[in-house]
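A.B. asks: Listed below are the residues making up each chain.
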Amino acid sequence: MSEDKHHHIVPYRLYVIVLLALLALTFGSIGITSIELGEFTVAAALLFAVVKSALVLTYFMHLKYDKPYIKLMVAFVFAIFVVVIVITFLDYLYRV
Amino acid sequence: MAEHQHAHVEHPDMYDPESSKIGMWLFIFTELLLFGGLFIVYSVYRYLNPDAFHLAAEELNTFIGAFNTVILLVSSMTIAMSTTALQKGHKKVAIALVVITFIIGIGFLVNKYFEWGVKFSHGIWPGSEQMLNEMSQGEILFFGLYFVMTGLHALHIIVGLIIMGFAIKGVANGKVNAKRPSLLDNCGLYWHLVDLIWIFLFPLFYLIH
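Protein chains in written order, with full-length UniProt numbering: chain A, 1 to 96; chain B, 1 to 209.
Some hints here could point you the wrong way.
Here are the simulated distance ranges between beta carbons [unchecked claim]:
1. A:R95 to B:L132: 39 to 45 Å
2. B:W125 to A:R95: 19 to 25 Å
3. A:L90 to B:A154: 29 to 35 Å
4. A:L20 to B:L34: 29 to 35 Å
5. B:I103 to A:K64: 24 to 30 Å
6. B:F120 to A:K71: 41 to 47 Å
7. A:R13 to B:D51: 44 to 50 Å
8. B:I103 to A:A21: 21 to 27 Å
9. A:F78 to B:W125: 18 to 24 Å
10. A:V50 to B:D51: 24 to 30 Å
11. A:L20 to B:K91: 39 to 45 Å
12. A:V50 to B:V118: 27 to 33 Å
Within a straight-line C-alpha distance of at most 30 Å, the following computed DSSO-like cross-link-like pairs (lysine-lysine) qualify [said to hold, decoys possible]:
13. A:K71 to B:K119
14. A:K71 to B:K21
15. B:K179 to B:K21
16. B:K88 to A:K67
Just so you know, the hints here were simulated from the structure itself, not pulled from any lab data. Note that beta-carbon positions come from the ideal geometry of N, C-alpha and C, so glycine has one too.
Work out the full structure: start from the sequences and follow the hints.
C.D. replies: In structure tokens, the structure reads:
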């Protein structure tokens with residue numbers, strides 16, 4: 001029973017703040033990609049997207065209030081994805 | 001006699017929010033890797049055809065993409081709020097918030113319909129003559145990925161709407177309540193996944209050109 005008790009109720013206000021941050025980042029990413037940054041455009045857009053997804057995972061998807069093993073599993077899946085990307089590009093970047 | 005055969009066996013309460021949550025997350029992992037695979041395909045083709053991707057992306061309407069991003073983010077907030085409302089015991093507020101999320105989801109699909117409609121009217125759809133005759137290999141790849149990835153995402157929106165229907169029904173008849181919120185929680189998790197995927201689709205297709 002005490003398990004249920006510590007189920008965290010997230011206040012509405014926090015969700016509004018997260019939404020405002022997400023909207024600001026969205027417009028930020030539109031702004032920064034409209035500037036001519038050359039090859040950094042992709043990196044900048046992806047950086048904004050990564051920060052936004054971290055906010056969604058942490059607050060909207062409640063990872064902040066979840067037990068550590070769930071956080072670990074999520075981190076593991078993203079780590080697998082990054083590893084596959086890196087291996088794929090190690091191949092493509094060094095092909096002759 | 002018949003009573004005995006039908007005797008209702010009291011099932012132990014099988015409700016287990018922790019397991020439900022793990023199950024939902026495991027499913028979300030498969031979804032992340034499904035779209036992850038498509039993102040890898042996108043990034044490799046983009047690397048191989050930088051100019052064609054640059055050119056093709058100009059065809060997409062940044063405004064409609066940004067508009068859909070904004071409403072999807074708002075809908076993510078409203079469904080997150082509905083779990084708070086349910087936990088506080090505000091049933092009607094919880095239902096209203098899911099209904100708002102549902103309506104925004106429909107709005108997203110309507111925008112998508114018009115967006116794709118414009119592409120179709122320009123003769124751009126997978127395998128169209130215009131695409132095969134006038135586009136370079138890289139542009140064909142770009143639009144192929146565009147239709148597959150945004151289409152698969154739209155399919156997830158539709159599934160999310162169906163799950164919301166069940167969540168609304170559950171909250172309305174009291175089966176989903178402050179003590180048993182799993183269905184609504186998982187519905188929210190799924191909707192946030194849809195949002196999460198769009199957070200990456202939007203810059204990759206609409207912004208980078």
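A.B. asks: Okay, R95 of chain A versus L132 of chain B on CB: inside 39 to 45 Å?
C.D. replies: violated (28 Å)
A.B. asks: Just to be careful, I want the Cα atoms of K71 of chain A and K119 of chain B compared with a cutoff of 30 Å; is the pair within it?
C.D. replies: Violated. K71 of chain A to K119 of chain B sits at ~40 Å, over the 30 Å cutoff.
A.B. asks: A range of 27 to 33 Å was offered for this pair. Does it hold for the Cβ distance of V50 of chain A and V118 of chain B?
C.D. replies: The hinted range 27 to 33 Å holds for V50 of chain A and V118 of chain B, with Cβ atoms some 30 Å apart.
A.B. asks: Does the beta carbon distance between I103 of chain B and K64 of chain A stay inside 24 to 30 Å, or does it fall outside?
C.D. replies: holds (28 Å)
A.B. asks: Is the Cα-Cα distance between K88 of chain B and K67 of chain A 30 Å or less?
C.D. replies: holds (22 Å)
A.B. asks: Does the Cβ distance between V50 of chain A and D51 of chain B fall inside 24 to 30 Å?
C.D. replies: Taking Cβ atoms as reference, V50 of chain A and D51 of chain B lie about 26 Å apart, which means the hint holds.
A.B. asks: Could one say that the CB atoms of F120 of chain B and K71 of chain A fall in the range 41 to 47 Å?
C.D. replies: Taking Cβ atoms as reference, F120 of chain B and K71 of chain A lie about 43 Å apart, which means the hint holds.
A.B. asks: Is the gap between the beta carbons of I103 of chain B and A21 of chain A within 21 to 27 Å?
C.D. replies: For I103 of chain B and A21 of chain A the Cβ distance comes to about 24 Å; the hint holds.
A.B. asks: Falls inside 18 to 24 Å, the C-beta gap from F78 of chain A to W125 of chain B?
C.D. replies: violated (33 Å)
A.B. asks: Would you say the C-beta atoms of W125 of chain B and R95 of chain A sit inside 19 to 25 Å of each other?
C.D. replies: violated (33 Å)
A.B. asks: Do the beta carbons of L90 of chain A and A154 of chain B sit within 29 to 35 Å of each other?
C.D. replies: For A154 of chain B against L90 of chain A, whose Cβ atoms are near 34 Å apart, the range 29 to 35 Å holds.
A.B. asks: Next pair to validate is K179 of chain B with K21 of chain B; report whether the Cα-Cα distance is within 30 Å.
C.D. replies: Holds - the C-alpha atoms of K21 of chain B and K179 of chain B are around 15 Å apart, at most 30 Å.
This entry does not satisfy hints 1, 2, 9, 11, 13, going by the numbered hints stated previously.
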